[in-house]
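**Q** Chain by chain, the residues:
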Amino acid sequence: MAEGKILLAHGGGGRLSRELVERHVGPRFAGGPLEGFPDAARIAVGGASIVFTTDSFVVSPRRFPGGDIGCLAVHGTVNDIAVGGGRPRWLSLALICEEGLALAELDGVLDSVARAAARCDVRVATGDTKVVARGQCDGLYVNTAGVGEALPGFEMGAEKLRPGDVVLASGDLGDHGMAVMAARAGMNVEGRLASDTGPVHRLVLALDELAPAVRFMRDPTRGGAASVLHEMLGDRDDIGIVLRERDLPFSAGARAVAEVVGADLLHVASEGRVLLVCAPEAAPVVLERWRALPEGAGARAIGEVTRDRGRVVLETAVGGRRLVDVPQGELLPRIC
Amino acid sequence: MKYLDGFRDPDAARFLRRRLEAAAARLAQAGRSVRLMEVCGTHTMAIARHGLRDFLSDNVSLCSGPGCPVCVTDAGYIDAALELARRGVTIATFGDLVRVPGSSATLAEARAEGARVVVCYSPAEALALARAPGAPEVVFLGVGFETTVAPLALLLRSAVAAGATRFSMLAALKTVPRALAALAEDPEVGVNGFLCPAHVSAVIGAAAYEPLVERYRIPCTIAGFEPLDILFGLVDLLEQLADGRACVVNQYTRVVRPEGNRKAQAAIAEMLEPVDAAWRGLGVIPGSGLAIRERFAAFDAERRHGVAVRPGRPAPGCRCGDVLKGKILPDACPMFGGACTPEHPVGPCMVSGEGSCAAHYKYAR
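Here the protein sequences come in this chain order: A and B.
With the working numbering, the residue at position 107 of the first sequence is 107, and numbering never jumps.
So the number in the working numbering is just where the residue sits in the second sequence, counting from 1, plus 336.
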């Protein structure tokens, strides 16, 4: 009946999102920097190499424990540049406001954008505002695009992964999604759960000369860590990934909310974390440097690349094994 | 959080694994292979999520039962909800029903076409929606077993008390014990022991399984949903079988009482009455459903809106029925993982978060 219509699940960051991009966007823009659908493109401009990206933000509610749509819009784009191997420098800021939005709220969001940009050492260089009639959007949507300088030495991609490589997480996973979910459902989390929204560029800058040892790097946003791990494998069926449940970093608050709503935290978005795969000899150094930064204090090795056939497997805490699949869709619409 | 970690302790799991292996070895020495059924969809998901099948010896098989409410709901029910949506009624529902195929479409597809379909986390949201100023006509899709039936009975009671004028429920409510009897009687199913549902048992009580044990001599063990609960439950079932015993054992004593939850039972009896119910895969089981009592007909969507739930057309080739009876494992269905995936589900067992096909696809391929 609705063949040929967009479903909410197309926005979930899982397999349907990928299908949408691969079937409808990809064929029209083949052969350029969009090939392989990176979160950020590395392109040459004049003599320089830059990292370029864009992201839109429709999160509901616009304020949630730990942040709001303003700082989220800065962090999201800064982080896509960073994990694309770039030093974030410039942002654009576009606002789509619904008639009737309180100016005081808009001011609050813009203050939040300004504070986050200062913290990330980026400047807002250009922007746009649009207003639509009441009912034609929900309050406020924000788009940011960003440009960064490409850092030397990064050559990442699924084809670089080798058995024995180590998978690292820079901190607790899933706090953002669960904090937004709890705020939306009016759940009382007694101040024990806040979004992890924050910049990860310093975690990337800290890699410095280790860049060539990094095989893959992503921020696990919509679709969660599980989606990133599957992206890491790409179409390769000669390797897999094994995760150890006892090593997975989840906060007590996120675990509690996930149990209540029935979410798998590996499917839940973070907005200030990095998942990275590197050569085994580099892993202890990366962990040491990350842990020296407040945003990397909870960094851990969570698994490794195996000779499995394109599968992501979890060794469960009680001693079983199971697959880690990508999420299907509509778990949390409007999470970012 | 000690609660979760305590019931997922690796050392305790190793201890239970040894007991499982010992009981399975005793059965093997007697030349016996046994087949256990976890009845409840939440058990199915927990078993898959924690990888508990790895703990079973070769002579022990574990199959999933009909305990996922979405999975056993007939396609005709979705057709009736689609009909209501087409008439402009706002449909309020738990999330997983949105993607279940009816005979021709899903509610998610209808929503993309403009139908008003609202996903609720709590049924109370549906009543609030219907009572807001300028509210639309709302129909809540009431699908579930005793665990869900109890709060839905309370929801109906609140709707009646509040004199809600734009709210009704399309009921497909089912009760577990009669379905277990139907399975125990079916020689093709051949189940040797039931791992009984946790929260359904909290409502109906452990004693509700006594007639089943007496009549069919089949062990029934009630277990919680944490991995150690489940392993402990499986240990008990295997030890009962190895000892030649058959009794009701309630291991979920921190929640389940012998008599169940009397208040919940009273609310159910006040608002609902037993009827014959059609189960996908199992057919019509007498007295296994609950319908809204005649005196609350204004809150019964079928009577209020004059729609009827007629038997639907299951998708050709879909073997959900056999999966629901535990006759086959999901990957024995020719469509599994090919024509039928969680993104493009053909049968309800692939849709629901508790469906055995979805669990198998997600966690065990």
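Keep in mind the hints are simulated off the structure, nothing from the lab.
It should be emphasised that the depicted structure is a prediction, and the values quoted were computed from it without experimental measurement.
Do not rely on the hints blindly, as some may be mistaken.
What the hints assert, rightly or not - Here are the computed lysine to any residue pairs in the SDA-like style, where the Cα-Cα straight-line distance is at most 25 Å: (1) A:K5 to B:H680; (2) A:K5 to B:S439; (3) A:K5 to B:T677; (4) B:K663 to B:C456; (5) A:K5 to B:G367; (6) A:K5 to B:C456; (7) A:K5 to B:E679.
**Q** Is the straight-line distance between the alpha-carbon of K5 of chain A and that of C456 of chain B 25 Å or less?
**A** OK: K5 of chain A and C456 of chain B at ~23 Å, within 25 Å.
**Q** Given the proposed pairing of K5 of chain A with T677 of chain B, does the C-alpha separation stay at or below 25 Å?
**A** OK: K5 of chain A and T677 of chain B at ~19 Å, within 25 Å.
**Q** If you draw a straight line from the CA of K5 of chain A to the CA of S439 of chain B, is it 25 Å or shorter?
**A** Between K5 of chain A and S439 of chain B the Cα gap is close to 19 Å, so the pair holds against 25 Å.
**Q** Decide if the proposed pair is consistent with the structure: K5 of chain A and G367 of chain B, CA atoms, cutoff 25 Å inclusive.
**A** Cα-Cα ~57 Å, so violated.
**Q** Does C456 of chain B lie within 25 Å of K663 of chain B when you go C-alpha to C-alpha?
**A** violated (34 Å)
**Q** For a C-alpha distance cap of 25 Å, please report whether K5 of chain A and E679 of chain B respect it.
**A** Distance of about 15 Å is within 25 Å: holds.
**Q** Please verify whether K5 of chain A and H680 of chain B have alpha carbons no more than 25 Å apart.
**A** holds (14 Å)
Going down the numbered hints, you'll see the structure goes against 4 and 5, while the others check out.
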